[in-house]
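Top to bottom, those sequences are chains D and H. Using the numbering used here, read the first sequence as starting at 448 and increasing by one per residue. Using the numbering used here, read the second sequence as starting at 233 and increasing by one per residue.
In case anyone wonders, no lab produced these hints; they're calculated from the structure. A portion of the hints provided could be inaccurate.
To be verified - Once the Cα atoms are required to be at most 30 Å apart in a straight line, the calculated DSBU-like pairs of lysine-lysine come out as:
1. D:K506 - H:K262
2. H:K262 - D:K502
3. H:K325 - H:K399
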Amino acid sequence: MLEIIQKPWPWYVAGVLIGLTVPALLLLGNKHFGISSAFRHICAACIPANISFFKYDWKRERWNLFFVGGVLLGGLVATQFLNNPNPIQVSEKTAHALQALHITTDNELMPASIFSFENLFSLKGLVFFVLGGFLVGFGTRYAGGCTSGHSIMGLSTLQWPSLVATCCFMAGGFVMVHLVFPWLMRVL
Amino acid sequence: MQKINHDFETTPVVIEHPVECEAPNDQIAKESLIGSNIKYAVVGVLFGIVFVKAEIISWYRIQEMFRLHSFHMYGVIGTAVGVGMLSVWLIKKFKIKTMQGETVVFHKRQFHWGNVIGGFLFGLGWAITGACPGPLFAQIGSGFLVVIVTLLSAVAGTWLYGLLQNKLPH
Numbered sequence: 448m449l450e451i452i453q454k455p456w457p458w459y460v461a462g463v464l465i466g467l468t469v470p471a472l473l474l475l476g477n478k479h480f481g482i483s484s485a486f487r488h489i490c491a492a493c494i495p496a497n498i499s500f501f502k503y504d505w506k507r508e509r510w511n512l513f514f515v516g517g518v519l520l521g522g523l524v525a526t527q528f529l530n531n532p533n534p535i536q537v538s539e540k541t542a543h544a545l546q547a548l549h550i551t552t553d554n555e556l557m558p559a560s561i562f563s564f565e566n567l568f569s570l571k572g573l574v575f576f577v578l579g580g581f582l583v584g585f586g587t588r589y590a591g592g593c594t595s596g597h598s599i600m601g602l603s604t605l606q607w608p609s610l611v612a613t614c615c616f617m618a619g620g621f622v623m624v625h626l627v628f629p630w631l632m633r634v635l
Numbered sequence: 233m234q235k236i237n238h239d240f241e242t243t244p245v246v247i248e249h250p251v252e253c254e255a256p257n258d259q260i261a262k263e264s265l266i267g268s269n270i271k272y273a274v275v276g277v278l279f280g281i282v283f284v285k286a287e288i289i290s291w292y293r294i295q296e297m298f299r300l301h302s303f304h305m306y307g308v309i310g311t312a313v314g315v316g317m318l319s320v321w322l323i324k325k326f327k328i329k330t331m332q333g334e335t336v337v338f339h340k341r342q343f344h345w346g347n348v349i350g351g352f353l354f355g356l357g358w359a360i361t362g363a364c365p366g367p368l369f370a371q372i373g374s375g376f377l378v379v380i381v382t383l384l385s386a387v388a389g390t391w392l393y394g395l396l397q398n399k400l401p402h
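Starting from the given sequences, assemble the full structure and let the hints guide the process.
Following this line, the structure appears as structure tokens:
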């Protein structure tokens, strides 16, 4: 049993479980699935700075902070107790394409050549952590949601603006990987 | 946007409820800090485990998705949307109530240009970091502690959006 759990879970298992988060949150207490809101609540709680966008009763939205706290803890539990002992399988084509960009595929979920503290104070760190994170935080709030709020919750409730947003998420990703990355990795 | 006047002098206008936010709390019944919220932490833990075990937090999986080299992420998101749609349809059809006996509330989204511009910017960031907001938290939990910097930067990005909101095209 543990062996099955330790192996990487197939997409249909993950998809069903993630999809079930939508009714779970709705029925547990009329909560709408959406994770990027947590960033806004953190701003409202810690650095509101008299900005009207952050002037609301964030304590009422505390559930969202409990939820993301749980996600963090879940990451810890899965890695500590249910870890896959085998190296990650990356598609051959992707591994090849990444190699051309001098990113080697190692055994972990994230490439150590990028996601390590050594890179924090380099140009690489500035792009991958600071700029990347900034685009995620700014973009999701400007778009009014992320993959959970728009792509899953929004599409589940048949909202066409969420479909537009989802297509734009994908467009941004394709542009970054295919047009910007080849140039970016030469500079870094 | 709902505006309610409060007596506090420091904060003359307080939005009681961020309605334009995609994840509002629509529960009417009062909630206690720990007792009411702990269940969302439990759902979060399960969700985080799925994120790690299905390798959704992996930077490589996101690369594969945008390179069209793997079906995995499309399968995950597609199935999740299907299950979500079916659940919402069932809740509406059978008028299923929440645990507190309240009617489930749905909100209609208004289109604005932020969906396009902000969406595109997020897409750029998604490909760089290999994470949307949920996986960021799970990556930190998994021990990739440098992602804390990414998370702080995402909070800063959200803050800057709040500052510039009225100056940006919507």
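Taking the hints in turn, this is what the structure says about them:
no. : hint            : verdict
1   : D:K506 - H:K262 : 12 Å, holds
2   : H:K262 - D:K502 : 21 Å, holds
3   : H:K325 - H:K399 : 42 Å, violated
The structure fails hint 3 only (numbered hints given earlier).
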